[in-house]
Amino acid sequence: MQRIARAADLDRGARVTTLPLPRNLLASDASRARPGALLVVCGALVALLCLIPPAYLVVRAAGSWGAAAETILSPATMQVTVRTVLLAATVTAASVAISLPMAWLVERSDLPGRRALGILTALPLAIPSYVGAMAFIAAFGPRGLVQGWLEPLGVERLPSIYGFPGAAVVLTLFTYPYLYLLLRPALAAADPRVEELSRTFGFGGWTTFRRVVLPSLRPAIASGSLLVALYVLSDFGAPTLMRFSSFTRVIYIRYTSTFDRSTAAALALVLVALALAVVALEVWARSKRRLDAIRDAGRRPAPVALGRWRWPAYGFAAAVLLPALVLPLGVLGYWFARGLEQGVALRGAPSLIADSVTAAGLAAAAAVVVGLPVAILSVRYRSWFSRGVEVASFTGYALPGLVVALALVFAAVRISWLYQTLPLLVLAYVLLFLPQATGAMRVSLERVRPSMEEAARGLGRRPWQVLATITLPLAGRGMLAGAALVFLTTMKELPATLILSPTGFHTLAARTWSASSEARFGEAAGPALILVGLSAVALVAFRLGSSASR
Amino acid sequence: MTDAAPRFPDQPIAVRAEGLACTVGGFEAVRDLTLEVAAGELFAILGPSGCGKTTSLRLIAGFERPTRGRLTLFDEEVAAPGHFVPPEKRRVGMVFQDYALFPHMSVAENVAYGLARSAERDARVAEVLELTRLDGLGERDVHALSGGEQQRVALARALAPGPRILLLDEPFSNLDQALRARVRGELREIIKRAGATAIIVTHDQEEALSVADRVAFMWGGRVEQVATPDEIYTSPATVHAADFIGDANILHLPAERGRVRIPFGELDAPEGAHEVAVVIRPEDIQILPGGVYGQVISREYYGHDQVLHVRLEDGLVLRVRVAPHERLGSAGPISLGLRTEPLVLAVDADAATGA
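If you're matching them up, the sequences are chains A and B in order.
In this text, residue positions in the first sequence follow the numbering used here: the first is 1, and each later residue adds one.
In this text, residue positions in the second sequence follow the numbering used here: the first is 551, and each later residue adds one.
It is possible that part of the hints are untrue.
Stated by the list, open to error - If you anchor each label on the Cβ, the simulated ranges turn out as follows:
no.: 1; chain 1: A; residue 1: Leu472; chain 2: B; residue 2: Gly575; range: 26 to 34 Å
no.: 2; chain 1: B; residue 1: Glu627; chain 2: A; residue 2: Ala44; range: 28 to 36 Å
no.: 3; chain 1: A; residue 1: Arg447; chain 2: B; residue 2: Ile847; range: 47 to 55 Å
no.: 4; chain 1: A; residue 1: Phe201; chain 2: B; residue 2: Gly815; range: 38 to 46 Å
no.: 5; chain 1: B; residue 1: Leu862; chain 2: A; residue 2: Phe201; range: 40 to 48 Å
no.: 6; chain 1: B; residue 1: Arg690; chain 2: A; residue 2: Phe201; range: 40 to 48 Å
no.: 7; chain 1: A; residue 1: Thr256; chain 2: B; residue 2: Asp691; range: 52 to 60 Å
no.: 8; chain 1: B; residue 1: Arg690; chain 2: A; residue 2: Ala44; range: 39 to 47 Å
no.: 9; chain 1: B; residue 1: Asp691; chain 2: A; residue 2: Trp149; range: 54 to 62 Å
no.: 10; chain 1: A; residue 1: Asp110; chain 2: B; residue 2: Arg690; range: 34 to 42 Å
no.: 11; chain 1: B; residue 1: Asp726; chain 2: A; residue 2: Leu472; range: 46 to 54 Å
no.: 12; chain 1: B; residue 1: Asp726; chain 2: A; residue 2: Gly307; range: 42 to 50 Å
Claimed, not checked - A short, non-exhaustive set of chain B residues, derived as facing chain A with CB atoms under 8 Å:
no.: 13; residue: Ala611
no.: 14; residue: Glu638
no.: 15; residue: Met644
no.: 16; residue: Phe646
no.: 17; residue: Asp648
no.: 18; residue: Pro839
Read the hints as simulated data drawn from the structure, not as lab findings.
Cβ atoms here follow ideal geometry from the backbone N, Cα and C, with glycine treated the same way.
Build out the structure end to end from the sequences listed, making use of the hints.
As structure tokens, this is what we get:
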């Protein structure tokens, strides 16, 4: 503790200077250019980490270039590509068709019960798509529940639900919430004055929606569509169960059946190219114009009175929520009861829960820690370096889980102490879901005004002290939201979990998958229900964290 | 033309800026910041928005690095080519325009933030809260305070560690009109009682003139004049200063052989000037029988006085400030004369491009 050296300078303010000051106020060394070196090093490390999977795939495919090129250019590959792109486009379009009306009903109409509807509409996100597919098959498949009910009426078989239509329906029902969750805040944040202005020009409600509201939602629609399309490209469980040969399934089969790694890597590169094309499409759609509204803070537009239209609105909601929520939960409940009768419903549940929560918890914590420098760089220090780190952090997210898992397998087989260990699995999760954590943290970091941090610097705190006492406490909710989102996604993740889990390590997702793919639904239902329940809790935590930070 | 001599000759120089320049986002916001502020002085930097005044304050605080020039605080060089002392080591207190209170801390926690953990910390917080008349509000949440109280918390937080220099960025802009005059007086009193050297940045001339001991006028990233409030008002050094500070009729006229003609007669022009600006304050024109005739074309009524727009016979329109009770039918002829000799400024090439 030092006393002020230059008290004489301040003799006029003697009473002000009688107290000790933080000692760093007096030291004088040259400060660094911002961003601080620590931040730059952390950012660079994260970027390098994120670039491992794509780099390794290229190295691997290039190792036997002829075979790789042959695989990539084969008619079969072309066919799969077209099929997969078609599926992604269909599911994305259908998701917009569901999310936009639902978000509008919840945010803008006077529909009674819209608050409950708002929560219920987001919940299918807690149901992994393979669990949804499993429920669909159990209900509508050959010898399924519906056929069983209809058998007395002489119905021997139902139209087949397998293939493209089934995969599209199932994927839509369990991925549309990505879009819906982004559309709701966008609709809520739209400036009501702009709409009022449009009405004063004599445009009706529908024209105003089409010409003013809809364009302002474009960034949210673009971001949400990106999430949905990337999910469809990368999903492995639902297409496999629905017997639709999507790209991911083809790669998985190639990898597991033949252990032919270079062609698997070559195919993975094609999938990467598809994913990057989707990302490029989203960047293009978003960057056409800046659309962030200058907001009339706090005021919300008057809800639109639906009148008799509320009955079709309820009908629409029911048409979405019955298959997306009631059906899977009902089927799981039914199978769970059957499993209880057979005494297999909760077999090994405690250890499954422990493994799942361990993996997802570690992934969530690691993603927040790794994502922090990325978020700080992108919010505070806009430069080509920050931009580069941010783009690098997105690569894993754009890559299907299967591809990242394979890349890590390729990379780790040489490092025997890492192969099939928990750290490698957690690394895969972090690479896959990092942007979910950075995205949520960015939002709350943007709330911390730079002047607050500068005020703290001016009061004698060093940059890292400012981070610890001002920035992080204020961004805490965003970190919670980010962690919850990563936790939720990790719990449901399947391909990386299947490929990278250590021996003897079984998560709820893996057990649900293995039991249901062997048609032991009584065994699958218990873990699946627990998985859905835990995911729902994480979803609620995410909503709390992100809504409070708005 | 720059009067940089401090008015506190027996005091040490608290801030000495010599030719500071700073580029923000590719734009050279500050081109030449040159001024001296004496210890204990309350100094104002005045100028229109975009003149570089906030950047100047941030340079002194250490939030921006100068591209040129030197900055010395109490004989300690804090910024020079190849040398830079970060803000946390400058012992400078800053009050931000948006106050930047820490929303996750109480009033007392905000004030204590800059103080080291010590036995005296609580006593110091209480002392500063009392000084800023916030005693009793220490446990309050900062969201639960009025605008004036929030401003005093920001001030208390900046004063607590005993800064050598206090910097205030537009400290009154977030307060409503009625509160401003009161808070202004309070702020001056608190700063004077704390014995702090303070620099206030503002675009409000009334604020600068009424609060500060001396005022620096900035335009286009340069300090154009440093003077006391009455000096800067009565003898602005540049056309910009004359135009920005107070109300003025500015007549751009040619000068011949050191003389310039205005409707009221002939004036001396600065030597060698070909073009001059004649500055006539509206209150320096009076209604005077037998003077220059004109027509009243419109009137702005302010209560304490009124401003007439008068078109003279040669077409020139002048603003004339007269007493509120002066009853004048519009469109009536009126005769005007000057109370004092107007100021004549040479319009140099530099000022002409800025105007």
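Hint check results:
{"no.": "1", "hint": "A:Leu472 to B:Gly575: 26 to 34 Å", "in the structure": "holds, 27 Å"}
{"no.": "2", "hint": "B:Glu627 to A:Ala44: 28 to 36 Å", "in the structure": "holds, 34 Å"}
{"no.": "3", "hint": "A:Arg447 to B:Ile847: 47 to 55 Å", "in the structure": "holds, 52 Å"}
{"no.": "4", "hint": "A:Phe201 to B:Gly815: 38 to 46 Å", "in the structure": "violated, 57 Å"}
{"no.": "5", "hint": "B:Leu862 to A:Phe201: 40 to 48 Å", "in the structure": "holds, 46 Å"}
{"no.": "6", "hint": "B:Arg690 to A:Phe201: 40 to 48 Å", "in the structure": "holds, 47 Å"}
{"no.": "7", "hint": "A:Thr256 to B:Asp691: 52 to 60 Å", "in the structure": "holds, 58 Å"}
{"no.": "8", "hint": "B:Arg690 to A:Ala44: 39 to 47 Å", "in the structure": "holds, 44 Å"}
{"no.": "9", "hint": "B:Asp691 to A:Trp149: 54 to 62 Å", "in the structure": "holds, 60 Å"}
{"no.": "10", "hint": "A:Asp110 to B:Arg690: 34 to 42 Å", "in the structure": "holds, 39 Å"}
{"no.": "11", "hint": "B:Asp726 to A:Leu472: 46 to 54 Å", "in the structure": "violated, 35 Å"}
{"no.": "12", "hint": "B:Asp726 to A:Gly307: 42 to 50 Å", "in the structure": "holds, 44 Å"}
{"no.": "13", "hint": "Ala611", "in the structure": "holds, 6 Å"}
{"no.": "14", "hint": "Glu638", "in the structure": "holds, 5 Å"}
{"no.": "15", "hint": "Met644", "in the structure": "holds, 4 Å"}
{"no.": "16", "hint": "Phe646", "in the structure": "holds, 4 Å"}
{"no.": "17", "hint": "Asp648", "in the structure": "holds, 6 Å"}
{"no.": "18", "hint": "Pro839", "in the structure": "violated, 54 Å"}
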